[in-house]
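2 protein chains.
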Amino acid sequence: MSKTIEFYFDFSSPYGYFASAKIDSLAEKYHRSVIWKPMLIGAAFQQTGAKPMVDIPLKGEYCRHDWQRMSLNMDVPWALPDPFLITAVAPGRVFYWLEDQDSVLAKQYAKNAYRAYFVNGQNISEPDVAIDIAVALGVSQEAVCHALQDNTIKERFKQETPDAITLGVFGSPFIFVDGEGFWGSDRMWMVKKKLQQSKW
Amino acid sequence: MSKTIEFYFDFSSPYGYFASAKIDSLAEKYHRSVIWKPMLIGAAFQQTGAKPMVDIPLKGEYCRHDWQRMSLNMDVPWALPDPFLITAVAPGRVFYWLEDQDSVLAKQYAKNAYRAYFVNGQNISEPDVAIDIAVALGVSQEAVCHALQDNTIKERFKQETPDAITLGVFGSPFIFVDGEGFWGSDRMWMVKKKLQQSKW
Numbered sequence: 027m028s029k030t031i032e033f034y035f036d037f038s039s040p041y042g043y044f045a046s047a048k049i050d051s052l053a054e055k056y057h058r059s060v061i062w063k064p065m066l067i068g069a070a071f072q073q074t075g076a077k078p079m080v081d082i083p084l085k086g087e088y089c090r091h092d093w094q095r096m097s098l099n100m101d102v103p104w105a106l107p108d109p110f111l112i113t114a115v116a117p118g119r120v121f122y123w124l125e126d127q128d129s130v131l132a133k134q135y136a137k138n139a140y141r142a143y144f145v146n147g148q149n150i151s152e153p154d155v156a157i158d159i160a161v162a163l164g165v166s167q168e169a170v171c172h173a174l175q176d177n178t179i180k181e182r183f184k185q186e187t188p189d190a191i192t193l194g195v196f197g198s199p200f201i202f203v204d205g206e207g208f209w210g211s212d213r214m215w216m217v218k219k220k221l222q223q224s225k226w
Numbered sequence: 027m028s029k030t031i032e033f034y035f036d037f038s039s040p041y042g043y044f045a046s047a048k049i050d051s052l053a054e055k056y057h058r059s060v061i062w063k064p065m066l067i068g069a070a071f072q073q074t075g076a077k078p079m080v081d082i083p084l085k086g087e088y089c090r091h092d093w094q095r096m097s098l099n100m101d102v103p104w105a106l107p108d109p110f111l112i113t114a115v116a117p118g119r120v121f122y123w124l125e126d127q128d129s130v131l132a133k134q135y136a137k138n139a140y141r142a143y144f145v146n147g148q149n150i151s152e153p154d155v156a157i158d159i160a161v162a163l164g165v166s167q168e169a170v171c172h173a174l175q176d177n178t179i180k181e182r183f184k185q186e187t188p189d190a191i192t193l194g195v196f197g198s199p200f201i202f203v204d205g206e207g208f209w210g211s212d213r214m215w216m217v218k219k220k221l222q223q224s225k226w
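Line order of the protein sequences matches chains A and B.
Residue numbers for the first sequence follow the working numbering, so the first one is 27 and each next one is one higher.
Residue numbers for the second sequence follow the working numbering, so the first one is 27 and each next one is one higher.
FYI, nobody ran anything at the bench for these hints, they're computed from the structure.
All the pointers check out, no bait thrown in.
Identical chains share a label here; the pair holds if one copy fits it or two copies do between them.
In silico lysine-lysine, DSS-like type, Cα no more than 27 Å apart, as pairs:
no. : residue 1 : residue 2
1   : Lys219    : Lys48
2   : Lys77     : Lys180
3   : Lys218    : Lys48
4   : Lys55     : Lys225
Bear in mind that the values here come from a model prediction, so they are computed numbers and not experimental data.
With the sequences and hints as input, model every part of the structure.
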């Protein structure tokens, strides 16, 4: 069984979205698989006092431009959604419910949910939207509706955020290689170096 | 006369220090010269509500580790100074005073001041230390002492910070290529792409 990388992200995070488009192919080059870990970064922001960048003077304007050029530089499609930000509970619950059954399908769900939000502008925090993305992957609508209300699933997703904070996660994306954390989509170069060094 | 890049930084900023070790050689590859612009990033932090990362829960611990690995990954010497942070008024004043006479000398002064702080742990916010670094470059001690108290120099350095904020600077380092801003030492890859694209 290959060693893993852990990829923490918030479904509402643009930089999480950009990193998500590259993390699997980067890991594959070093014979690693990636465990995707959606969470709600807002709870970490409460601990660090951080605010969403888009709401901050100077930074907000910088970000809007930055996401457009990230899209061009990384060759990843992008359109600023409205509403932005969202609290992405529904896709998080669907993701972990799927993951318990089929981790490949769960990852495809996450990719489709990110694209639905950051390319097609669909509000994936709305349960119906989160459900439809699963149904489009061949999942039973009844089963996913039921899962969204299941207390075990609710608790499972809820617990991911404090667990991540315990590991040191304070932003999205946050990538762990052999327990060492890397914050931000700008750190792919350092993640790559780490993977090269720990190859053997 | 070659086109320029503007490099904004705070003498107390670790990421500014790391970027300062690479920015000139990167620019040279694309036949650009770099205008170094020390400022006090604290005033920008007041506008954005940012705090120094090192004081923030979770982020502080991350940073301490991150600076060490930046040093290894970028091959730039590093030792966390004490005290950290400092308000680097003295080296800022000396820098602009020198720049009015000799921009090459001023840049060498900035590099030496950065190394004095982040390699040798000297408190460059102390006027005597800031002066000694200039004297070691062959500058008259009397002249630099006088300059540090000169109202024109004081005003010159003071004005750099609001001028930078007006341009959108909210962190250190902040690099402008043809008016487009790039925040952070992690953005060298994108600065490079921008320079490649605007080559002709």
